Structures are given as C-alpha cells and as structure tokens.
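Chemist: So the chains spell out like this:
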Amino acid sequence: MKFGIMVNEGPYQHQASDTAYLFAKAVLAKGHEIYRVFFYHDGVNNGTRLTVPPQDDRNIVNRWSELAAKHGIDLVVCVAAAQRRGILDESEAKRHGRDANNIAAGFRISGLGQLVEAGIQADRLVVFGD
Amino acid sequence: MKFGIMVNEGPYQHQASDTAYLFAKAVLAKGHEIYRVFFYHDGVNNGTRLTVPPQDDRNIVNRWSELAAKHGIDLVVCVAAAQRRGILDESEAKRHGRDANNIAAGFRISGLGQLVEAGIQADRLVVFGD
Amino acid sequence: MADAGGVVKKFMFVNRKSPYGTIYALESLEVVLISAAFDQDVSLAFLDDGVYELTKGQSTKGVEMKNFSPTYRALEGYDIEKLYVAQESLEERGLSEDDLLVDVQVVSRAEMADLMAEQDVVLSF
Amino acid sequence: MADAGGVVKKFMFVNRKSPYGTIYALESLEVVLISAAFDQDVSLAFLDDGVYELTKGQSTKGVEMKNFSPTYRALEGYDIEKLYVAQESLEERGLSEDDLLVDVQVVSRAEMADLMAEQDVVLSF
Amino acid sequence: MLHTVNKSPFERNTLKSCLAHVKPGSAVLLIEDGVYAALAGTVASDMVQQAMAEVSVYALGPDLDARGVANRVIDGVKVIDYAGFVDLVIEHPSTQSWL
Amino acid sequence: MLHTVNKSPFERNTLKSCLAHVKPGSAVLLIEDGVYAALAGTVASDMVQQAMAEVSVYALGPDLDARGVANRVIDGVKVIDYAGFVDLVIEHPSTQSWL
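Residue numbers (our numbering), protein chains in the order written: chain Z, 1 to 130; chain U, 1 to 130; chain H, 1 to 125; chain C, 1 to 125; chain R, 1 to 99; chain X, 1 to 99.
Source of the hints: derived by calculation from the structure; they are not laboratory data. A quick note: this is a predicted structure, and the numbers were derived from the prediction, not measured. Do not rely on the hints blindly, as some may be mistaken.
Claimed, not checked - Which stretches of chain U does chain H cover? Using the computed rule of at least three CB atoms under 8 Å from a CB of chain H, they are: (1) 4 to 17; (2) 56 to 63.
As the list claims (entries may be wrong) - Quick list of in silico lysine-lysine cross-link-like pairs, BS3-like style, CA-CA up to 25 Å: (3) LYS25(Z) with LYS9(C); (4) LYS23(R) with LYS82(C); (5) LYS61(C) with LYS70(Z).
Said to hold, decoys possible - Far from chain Z, by Cβ distances over 12 Å, these chain U residues were calculated: (6) HIS32; (7) LEU67; (8) LYS70; (9) ALA82; (10) ARG85; (11) GLY86; (12) SER110; (13) ASP123.
All C-beta atoms, glycine included, are put in the ideal place defined by N, C-alpha and C.
One chain only, chain Z, in its complex shape (with noise of 0.2 Å):
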C-alpha cells in the first residue's frame, strides 16, 4: 500500500515530526510504500542542514535524510512556506539574491500541488502536526 505522510511542525519543539518519522519507519518495516512526505508550516524546518543538536539526542533532521537516502524516498518541502521561514536551496537562495542556503540532504523544495498529488496518488495520506 501507498502512503503520504504530511509533517506540520518543525524538529524538537512539537512531537510531530518524531511521530512521522517513526511512522513512516513502521510503514517501511512492513514492507509498504511511502509514495511522499510533505513538510508544511513549520514543517519545512525539518529540512535544514544546519541543525546541531546535543550528542545524547536524536538527529532529527539526519534521521529524515538517511530515511529517503536508503528507502529512496521523496521529501517536500512546500517552496512558500519555505521561503517565509527562511529555508532555501541553492537555486532558490540565488533567484531571491541570498548569500547561503540551508537545505539538507535528501529534501527538495516544491509547490503545494506536491500535497494534493500525494492525496491523490497515495492510499492512505496522514497528517502529524500541532
């Protein structure tokens, strides 16, 4: 079966995107598909490469790139979000005229349109957020 998953909330502050992740480690254990994950409102900062977070805690964000690295899996992060929170990728951070970017490993910036497509094509779509 074909999963979407949607994460609302950005790493450490809520749950969600712990949630999500374990989630979608179950649904990979048992042998499913995870079609996407859309990274919505704070969401989208799960996907910066900047994250340091303390050595006894989790890597949230190098959990979600190692996830997609091995299971081959597809990590949105909705563009207008993004840009209101200050994530970018090298082509995004060129056509606004920023000097750095942030986005890690495995994420790719997309439209909104990535959300609905997932509804569409995915079986089931579940939504984690706060």
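Dock chains U, H, C, R and X against the given chain Z, drawing on the hints supplied.
Modeler: Below, chains U, H, C, R and X without anything else, positioned relative to chain Z:
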C-alpha cells in the same frame, strides 16, 4: 524604565513574534529602554536572514533587524535552542563544521544566562509565546 | 502538474483554528486554492474556532498582518463551493450565518460527522 | 557571566505543559539550571499538565527522545529546592505526591496564587 | 500583578487556569486569540464577567479588530492599544504570561 | 474511519470535538499528549469510557511509556506500537488527524 522581552515562537507560525515586536515599538515610542530581546525555543527562528516572505506581507526578521539598528537594541538568540534548530552565525558554523550560516543582521548568539541577566537587570520582563 | 490521471477523490480541509493567532488558517487556504487545479471533489469544514476564520469585518492594520479573509470570497470563482460550518460552534460563540462573509451551509454535528466519514482524504488545520 | 551585582530577585518558572509532546518542559529545565549560577531566589511552579513533568517511571526508548526527568532530581544539588505543585492539578489527573519523582510542596490554588503574586520575574513555559 | 492570556477560551484551559490564580485588584489583559474571551454572548462570557467583579479585564484592540469582533466586547472590558499594554506592564510590578 | 488525537484532554478541546464527530464503529487512536486521555481515574476518563461504548479506543504504547503512565490505562483501551498504528491506518479507508 528598562524592559526585557522574551520571544518563544518563530516568525509567521504564531503571532507571538508580531505582538512582541509591536509591544517593543510601543515601549520605545514612550521613551523607555529595551534592555534586551531574548529569543528562545522556536523564537530563535526569528534570527535567520534567509526568509523571503510574500511581497504583500510583513517581513518579520527585517523588522527586528531594523528596530535593533535604529535603537541599538540587543537581540540575543539562545545558543542551545539555536543549535537544535539550525540557526548559526559564522563562528558557530565554523566550530561545528557547517558550510553555511544564516544569522540575520543585528542578532547575536549567546547563552541562557543572558535571559536570567535580563530578568535581573530589567525593571520588567514580558514573555511572548504559545 | 495538475494532472490527476482521471482520479477524483473527496478531499476535505478541516479548519478548527482561529485566524491570525497562528498561520494555519492562512496556509490552509493556500492549499485549498491549489487543490482547485486538480479537479477533485473539494469541501471545507469550519468547526470550533475555525468558524472565526469566516467572520465579517476583519481589519488587520493594527497588527500589521495580511488580511486574508477576502480570499474566502474568491473560492467560488475556483468552483470551490462546499463550505460547511458547524452550527454548534457558531452558537457557542454567539455567531449566526449573518456574521459570516461568505455563503455557507450550516450543518449539525451529526451531519458534519457524516460528511467527514465519506471523505477519501482529510487534511486538518 | 553570573554576576548579578548583588541584586536578588524572586524568579518563578511556571510549568503548565506536559513533557515530550512539546519541548517547553525540557528547555524550561535548561533555564532553571542556568539560573542557579546567578544566586537568585528561584522557585518552580507545576500546574495543569505541568505536573506530568514530574511523574515517575518515564521511559523514552520507544519514542527515541531523551528522558530528561532525572534532571529534576539534580535540582537539589543546585540549591533549587522550592518546587510547588498544584494540588487540584494532581487530583484532576488522579495523581498523588507518591507518583512524583522528587520531593515537592503540594499547594492549593490560593497558595499558588499568593506565591505567583510575590514574584519579581515570572517565566512561563 | 498583570496577567496576559493569548489563547482562545474555547480551545484551551489557559484563561480558566489564569482566572483561578488571579488575586483581587490584579489585571488580566487578553491578547491575540485570547481576545475571543472578551466577547459577549459566548459560552465563555459568564466566566469573564464573574472575574470582572474582582479584577480589571482589558483586551488588545488591534487583535479585536483583526478578528472582526471589536463590536461585540463585554461591557466593562477596557479596550487598549499597544501603548496601553506598555502602561499596564509599568503599572504592575510584575507580569505573568499565561501561554 | 480512523481518528487520531494528539492533545491532552485537560489542555484542549480536541478530544471532545473528535468524540462529538466519530461514528459508531470507527476507531480513535490517542498519540503524543493525547495518551493522557487513555488513563483511568482522571476528570477525562468518563468521557473516554462513554465513547468506548460505540468506538474502539487505542493508545500508542511508546507515548504512554515516555510519560510514565503505561500502568494507568483504562480497561479496554488497546495499547499498540507504531506497527499497530500502521495497521489501523490500513484497516480504515481514511484517517482524520485532530490537531
């Protein structure tokens, strides 16, 4: 009178940063002093220079930077909270081996002691959060 | 981008939060507008504090935020016409249909529950 | 850094949120620990879902988060000994003092209100 | 003491908890989504009106305006702007934010 | 239909609103701070026990464990892990998250 202000939520997601800013402007308009604005929890996300809000909306980060420049206000981002969430200045980025930083003009990264000190030194401390 | 391959699903956007205190209402509306391009069966539910998203007379100059409430009036132009508002939520807040800035269908809790149960995809804000 | 210039203020950290669902409880505790270095008159209030921060037996392996509850036991070593817990909040949740992992003073609502009113600085989490 | 409340009384227990801890003579300022508690004719109005017997209740005007509810405020709730918010903070030796 | 609730019943109206909209035969899964609603002996227990006459109530075990409350669960609430969460999502044609 000397005011301390604590901001606990990031830009756009919650109104806390907006209210804190408009409160700070009113404090200054009345001739009072702002001893420090301390950004904690997701509030550290107010300190990224990478935001690109829509043209027809307010630019929350720039407003803080401009207020700081105009009135010499100390905008302090908590280092531990910032590391967790990916807000780094040049020296933090270097120290942690990151290839980019994203701190906005007028913000500085420092420890939680700066919050306690603001509580001690300011005549009033007001918390804005969720 | 807006090719759904002929699939038409029932999408419901559930709005339970008031505007301005958080961004959920505004960003929910952005998804709704995009969804129009996909020719799906879209409906919006407003319950609990979500009914406040639709109050007339919003004026955001003093808070320096963008007033996005006029956009609800534009939904009709996108063929998004199923707006359901919870009657009990209006009553608890002393509001009536006349206080809302768009035409809506006011429904009971039982009717809202029926509508929710028949959806394929529910996005919550 | 920890020079308060001889000033001693009454600081209260008000904890109203449960642990793990959000980070407020954990980051509140980080401020409390720092405050110890400033020789201020520090107290902690736990009310509403904040009383859940102190429940015994927290075990976070399954959620892969850091279990920070043992840190409350370390507060005594920092001379932070004024921990006030709202009696009504415990009762509403079917909890008693025995369910908590540190020694606290259980206070009534009226006593909590008196304590809050005498503070110089109140930080809310 | 000044207490601020920024949450809707319909969604959260924040205002209720605040009002259970205010002492006579103190002030409660409703801001952000907290201003919905300042409105007449709701299921939360009674709680606020009862509190007004012992404490002063204020609401932030710009937040009422944003939400389109400025014309529904309970009689006796004082509507103020950000400058008035600053004055309240100055008048009271300490401020507690109920989040 | 599967309904998930991730908020404390003491802090927010989320669970109450959810339970007012569930239809007989559907399932409610309590996760994150929502698991506090699964506990016996609280002021929210009655609301949940009444709902259990018509719907199945589940609670996420890892969230109960984290909060130290796994030994207080109401009889009849089924405790599941993340794999069980996935199974519930599959069993029901749609999932609504009450946030």
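Chemist: With reference to the structure, classify each hint as holding or not holding.
Modeler: So, going through the hints one by one against the coordinates:
1. 4 to 17: holds (count 4)
2. 56 to 63: n = 3 at 8 Å, threshold three: holds.
3. LYS25(Z) with LYS9(C): Distance of about 49 Å is beyond 25 Å: violated.
4. LYS23(R) with LYS82(C): holds (21 Å)
5. LYS61(C) with LYS70(Z): holds (23 Å)
6. HIS32: holds (30 Å)
7. LEU67: Per Cβ check, LEU67(U) is outside 12 Å of chain Z; nearest 18 Å; holds.
8. LYS70: Check passes; 22 Å lies beyond 12 Å.
9. ALA82: Non-interface label on ALA82(U) violated, nearest chain Z Cβ at 9 Å vs cutoff 12 Å.
10. ARG85: Not fine: 6 Å to the nearest Cβ puts ARG85(U) too close to chain Z.
11. GLY86: It is violated; GLY86(U) is separated from chain Z by about 4 Å at its closest Cβ, not greater than 12 Å.
12. SER110: Consistent with the label, SER110(U) stays out of reach of chain Z, its closest Cβ about 16 Å off (over 12 Å).
13. ASP123: The claim stands: ASP123(U) keeps its Cβ more than 12 Å from every Cβ of chain Z (closest is about 30 Å).
This entry does not satisfy hints 3, 9, 10, 11, going by the numbered hints stated previously.
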